[in-house]
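Using this note's numbering, the letters of the sequence shown correspond one by one to residues 92 to 207.
For the record, the hints were derived by calculation from the structure and aren't laboratory data.
Source: prediction; values computed, not measured.
If a hint is listed, it holds; no wrong ones were tucked in.
Okay, the calculated beta carbon distance ranges per label pair:
id, residue 1, residue 2, range
1, A136, D166, 16 to 22 Å
2, G128, K172, 20 to 26 Å
3, T174, L154, 18 to 24 Å
4, E191, L154, 21 to 27 Å
5, V146, E190, 28 to 34 Å
6, G128, H194, 29 to 35 Å
7, L154, R198, 17 to 23 Å
8, Y195, K172, 19 to 25 Å
9, S189, V146, 26 to 32 Å
10, R198, I132, 17 to 23 Å
Glycine included, C-beta positions come from ideal geometry on N, C-alpha and C.
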Amino acid sequence: MKGMRFAMVVFLSLSMLLGASSVWAAESTIKPVQNFGAWLIGFHADKENPTRQWVAHHFCHQLRPDLMQCVLYDDNSPDAKMTGIEYIIPGEAFDQLSEEEQHYCIRTILKSSQGN
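Let's have the full structure, built from the sequences with the hints guiding it.
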């Protein structure tokens with residue numbers, strides 16, 4: 092998390108020094124989200140207050156067979172707001188996390204049905 096804060100500070104500092112237009116000029120050539128080929132819509136519940144729920148649009152990318160990275164948005168419109176990032180791992184990997192790490196995770200059992 093400290094590294095992430097550092098990166099954010101560096102980015103904000105650079106954008107102030109260079110001017111926002113210079114930083115955003117690369118937008119047309121850098122599109123990493125285009126590799127996120129899966130779109131999932133899910134309901135999220137607050138850990139502290141499960142009655143508080145919201146819809147999250149997950150745009151996901153398979154990094155490895157056992158790891159999926161998802162960027163979450165409040166909807167799928169062009170002006171959607173990013174609300175978070177999730178990593179999806181198998182149950183066995185979750186079980187190997189320390190209790191402290193598990194505190195920051197949500198164990199989810201995904202169910203799907205296949206129509207015949």
